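Trainee: Chains as they are written, first to last, in my numbering: chain A, 222 to 463; chain B, 1322 to 1518; chain C, 1427 to 1512.
The set of hints was computed from the structure by calculation and includes no laboratory data. Hints should not be assumed to be uniformly reliable.
[Said to hold, decoys possible] DMTMM-like cross-link-like pairs, simulated, lysine to aspartate or glutamate; straight-line CA separation at most 20 angstroms: (1) B:Lys1450 with B:Asp1421; (2) B:Lys1360 with C:Glu1484; (3) A:Lys457 with C:Asp1510.
[Stated by the list, open to error] Label pairs and their in silico Cβ distance ranges: (4) A:Ala384 with B:Pro1342: 18 to 26 angstroms; (5) A:Pro302 with B:Ser1425: 27 to 35 angstroms; (6) B:Trp1518 with A:Asp454: 36 to 44 angstroms.
Remember, predicted model here, so these are calculated numbers, not experimental data. A virtual CB, placed ideally from N, CA and C, is assigned to each residue, including glycine.
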Amino acid sequence: MVDGTWKVGDVVRTRTETPSARSIQIDVPGWPGNIAGQHVDVRLTAPDGYTAVRSYSLASSGPDARVELAVDRFPDGEVSPYLVDELRSGDQLELRGPLGAWFVWHATDTTPVQLIGGGSGIVPLMAMIRAHAAVGSTVPFRLLYSVRTPEDVFFAAELAELAANTVSPLDVTYVYTRQVPPGWPVTAGRLTRVALAEATLPAAGDPAVFVCGPTGFVESVATWLVELGHDADVVKTERFGG
Amino acid sequence: MAVISRGFFGRRREENPALPPGQYLTEDFPVLSAGPTPKVDTADWVFSIETESGDVHAWNWEQLKALPIEDINTDIHCVTRWSKFGTSWRGVSLDTLFKDIDTSYAYVMAHCYGGYTTNMPLADLLGGKAWIAFEFDGEDLDPEHGGPARLLVPHLYFWKSAKWIKGLRMHKTDDPGFWEQNGYHIYGDPFLEQRYW
Amino acid sequence: MVSHVDGNALAGPLAELFQTDMTIAAIECVACGDIAELAQAMVYPDPMGFVVHCASCEAVLMTLVTATESTSLDIRGIARLVFDRN
């Protein structure tokens, strides 16, 4: 279900996720519901009529008219600093969506799923993880989440809870690129092909794979996945730029 | 029906009467890119001017640098609404390059490494109005900003100052280049706010 | 370093034109013949317009410009677009 019309939503709640990011819940009258992984375009309008439009993935899915975004502040950005630092409950926000029919997971899919996220790339993957838990799906779900430091994990508490969920299995592996938590068995460093192979579902099982995050991260990971035997056609990618 | 976003003003925008209509002043130098950044080694770099007779005049990097070089201090205006005052460049004037060119055609198509094109009247390249620029702000021109060299035609919207310039071809008619084929104005005078068709 | 995103970014602007999601359409590149979903194409961050490049050969597939009064869509880099209606 894709909807290309602009709608006006009311911001109902904001929550700090990391030192640079915030999740935002918005009530959108007339929301047609969305599939996990879809995104919206957000439009800001200044008093003189100047507009700026940016795409943000939804962390939520389903028929509920309350949707959730999670935005990371890009220091030189025009829109993200506003959404993270200025926007507050009671404000209105223009959204176009839901959008995207490709980078999506349907709760009726029975293939095991490997999710790989870098930084704010976790957002659409979180929608999939939440949808998976909401229907009590027993499909194996594995998440590999790469962040700079432990403070940069979005939805940290919720991920810990879901990883302990016994009905809908979620296996979470973190990779810390700049600073590790105390007692962590490895030193900080970027994800490598070897670590990727160890932490992810093997190609032989034909899992569905979703990779999301900064462009450089996504392209390295996608290349390695194909080298590890995954069919390029089942590796779905969404690049956030940067 | 737009909803005004409380507290949103876009990038810091200074009002200034010296600005063309619809522009705002910026201190940054935004990088706009319609495609991958071409990687051009100055050892392989060539700039050429091709006339209607098929004559090609070409300069390699050393030959270009051996020509009279000018210091340029100018305002630049992007169609995406930012303007920058007092930018400084160094480059070779198109008057120098066209000195021995024999042409009766009145229009030019700029061709670039990477495939970008843009068009303009020859008159807009002459009379001290345009340069092949290879330095910005005292440093070699960054590839992101069009280095090794870009066309600099500051009296027109900045999409006409073609990055990664490779050559000019004389045209009989004002044929549209890339953005001009895609909805942007054929001439592009910022003071007449000629943004789109 | 200017980084690109991918064709997922076109979902909104094209939904305005085509009333459906075009990012799942399979696009055949005129220049190299490669066929891939629009979602996989390379899209560079130029505020002048969306310029969509073939992920395989970098040739321009299409250009979308939203001007004040109209939208311009140039698709001369696309040989064929196949849309699965299911």
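Trainee: A separate judgement is required for each hint: does it hold in the structure or not?
Mentor: Verification of the supplied hints:
Proposed proximity of Lys1450 of chain B and Asp1421 of chain B is supported: the alpha carbons are some 18 angstroms apart, at most 20 angstroms. Between Lys1360 of chain B and Glu1484 of chain C the CA atoms are separated by roughly 14 angstroms; this keeps the pair inside 20 angstroms, and the hint holds. With a C-alpha separation of about 17 angstroms, the suggested pairing of Lys457 of chain A with Asp1510 of chain C holds against the 20 angstroms cut-off. In this structure the hint that Ala384 of chain A and Pro1342 of chain B lie 18 to 26 angstroms apart at CB is violated, the actual value being about 57 angstroms.
At roughly 54 angstroms, the beta carbons of Pro302 of chain A and Ser1425 of chain B sit outside the given window of 27 to 35 angstroms. Under the hint 36 to 44 angstroms, the C-beta atoms of Trp1518 of chain B and Asp454 of chain A, about 40 angstroms apart, fit the expected range.
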